[in-house]
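The lines below spell out each chain.
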Amino acid sequence: MPKQSPAPDWQDLALGTAITEPGSSRYQRTGDWHSSAPVWDLDKCIKCGVCAVFCPEGCIAMRADGYPEADMEYCKGCAICVCECWAACIAMVEEKE
Amino acid sequence: MAERKGMEVSIAIAEAASACDVDCIAAYPITPQTHVVEHLSEIVADGDLDAEFIPVESEHAAMSCCCGCAAAGARTFTATASQGLALMHEILFIAANLRLPMVMVVANRSLSGPISIWNDHSDVMTERDVGWIQVFAENGQEAVDLVIMGHRMSEDKRILLPLMVNFDGFILSHMVEPIEMPTREEVKRFLPDYEPQQRLDIDNPITMGPVGMPVVYTEAKMAAEWAVRDAYKPMVEIMGEFEKEFGRKYKPVETYRTDDSEILFVVMGGISETAMTWVDKVRDAGVKVGLVRFRMWRPLPVEDFKKAIAGVKVLGVLDRHFSPGGPGGPMAQEIKYMLYGQDHAPKIVETVVGLGGRDVNFIDFDQIFDRCKAVLGGAPVPPFELIQVRGGHYGKA
Ligand code: SF4
Ligand code: SF4
Chain A
82 MPKQSPAPDW QDLALGTAIT EPGSSRYQRT GDWHSSAPVW DLDKCIKCGV
132 CAVFCPEGCI AMRADGYPEA DMEYCKGCAI CVCECWAACI AMVEEKE
Chain B
77 MAERKGMEVS IAIAEAASAC DVDCIAAYPI TPQTHVVEHL SEIVADGDLD
127 AEFIPVESEH AAMSCCCGCA AAGARTFTAT ASQGLALMHE ILFIAANLRL
177 PMVMVVANRS LSGPISIWND HSDVMTERDV GWIQVFAENG QEAVDLVIMG
227 HRMSEDKRIL LPLMVNFDGF ILSHMVEPIE MPTREEVKRF LPDYEPQQRL
277 DIDNPITMGP VGMPVVYTEA KMAAEWAVRD AYKPMVEIMG EFEKEFGRKY
327 KPVETYRTDD SEILFVVMGG ISETAMTWVD KVRDAGVKVG LVRFRMWRPL
377 PVEDFKKAIA GVKVLGVLDR HFSPGGPGGP MAQEIKYMLY GQDHAPKIVE
427 TVVGLGGRDV NFIDFDQIFD RCKAVLGGAP VPPFELIQVR GGHYGKA
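Chains as they are written, first to last, in the numbering used here: chain A, 82 to 178; chain B, 77 to 473.
One chain only, chain A, in its complex shape (with noise of 0.2 Å):
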């Protein structure tokens, strides 16, 4: 959970806007501008993990069965993985909400 408050009034701001709390980048949940979302047909994957490494935000991890997982916090959207997968498994989705 973020000790920060990530919207805080500007009365309880640090001063100068300084980060006092080191590694609280931590507690920021960058994912949030994604519009579209990858999703994964796991039947077509050979695990080979080059989604993995190609994600440019590196939040793809290969799950201990050995399948890939994206942490949705992190994604940004930009269809690296898509682009990149051998077996044409990963589709962008848009995000209606």
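Rather than coming from a laboratory, the hints here were simulated on the basis of the structure.
Computed from a predicted model, the values in this text were never measured in an experiment.
Warning: the hint list may mix true and false statements.
[Unchecked claim] Quick list of in silico lysine to aspartate or glutamate cross-link-like pairs, DMTMM-like style, CA-CA up to 25 Å:
hint, chain 1, residue 1, chain 2, residue 2
1, B, Lys-297, A, Asp-90
2, B, Lys-81, B, Glu-317
3, B, Lys-233, A, Asp-90
4, B, Lys-233, A, Glu-102
5, B, Lys-297, B, Glu-410
6, B, Lys-309, A, Asp-93
7, B, Lys-297, A, Asp-93
[Stated by the list, open to error] Just so you have them, the derived chain A footprint on chain B, three or more residues with Cβ under 8 Å:
hint, stretch
8, 174-182
9, 280-291
Ideal placement from N, C-alpha and C gives every residue a C-beta, glycine not left out.
Assemble chain B with the ligands onto chain A, guided by the hints.
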């Protein structure tokens, strides 16, 4: 009390910074500020001041280094003018919004084109929005005093902002004046060692100057607004303490012979001295006219100004800069902002004078005064006018 000694004002300012025992100076020489940094580099090279003098390659670098010095917790000083201040422009916002205390003297000079090294206020007036504290000196003694007060104000825990001391290029910078220079010991009593509120420290790491996403930028700007506004009270307090220590009185808005005046002139900076002499002359001839001067420009001392001009019928405003194709001079614009919609607000006769080193003398004051008298007598308020111009502002008469 220190004795008065004849000194060039630029040299005196360097001595004042030295008396403040500054830790870091990052500066680039530029006319007419050069003697300030030249002399400071001498003082440091001679071992008379234990400070880091960083001879940078540009003013952009100077201000960037100053930010680094202040962020590291050093008492920081710099000086510039004109194109140099303009080159610092983007970093000025950063220094203010990162809340980095430092003092910069600006030997006010016009901006090119055409190239001009002479005095007006176009450099500082185009930097009104950067979020610094801005004060004006009218003579060398005041410049010295404001450098000393400036460090104390800038470092005050209730302020923590960079502060700009403006003094007119050449007209003051190259003037030899009798100056009472406080000693380092005297200054130390008034200006204690600097204890930064927040600084770069490996043991307590913080991030200064991170990205402000849209979710936080507006709040950061609000904080900057109140930082400058809230500086007013402690600044006045510090002016009072300076008076106790050194016997010289400073106010956010200075007045001169305003009693019973129906017409007041409003000026800023070194022109005040000529204006006071002119007021004496006119007053001695039995005409009631006085003078109001902004000492503090940011924060804008709205209430002091309103009090200073209460009951007056006409203000003659003498700006030293204007916005081409815009609403005239900056001081007049801001005075209108302060008075708009007020009952019994005085009429404002706006003039722009003394651009790029053109002398402003009694003939000009007389001419402006005639306009003010005409308006007092019921004539319509004329549009803003650049006087002293051959060919006339609005065409040939
Ligand atoms: S869409 Fe882009 S950011 Fe998201 S998982 Fe694929 S490659 Fe990574
Ligand atoms: S690139 Fe395609 S096939 Fe390879 S692991 Fe990723 S989804 Fe599976």
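Structure-based check of all given hints:
no.	hint	in the structure
1	B:Lys-297 with A:Asp-90	holds, 11 Å
2	B:Lys-81 with B:Glu-317	holds, 24 Å
3	B:Lys-233 with A:Asp-90	holds, 21 Å
4	B:Lys-233 with A:Glu-102	holds, 21 Å
5	B:Lys-297 with B:Glu-410	holds, 20 Å
6	B:Lys-309 with A:Asp-93	holds, 22 Å
7	B:Lys-297 with A:Asp-93	holds, 13 Å
8	174-182	holds (count 3)
9	280-291	holds (count 8)
Hint check: no violations occur; every hint is consistent with the structure.
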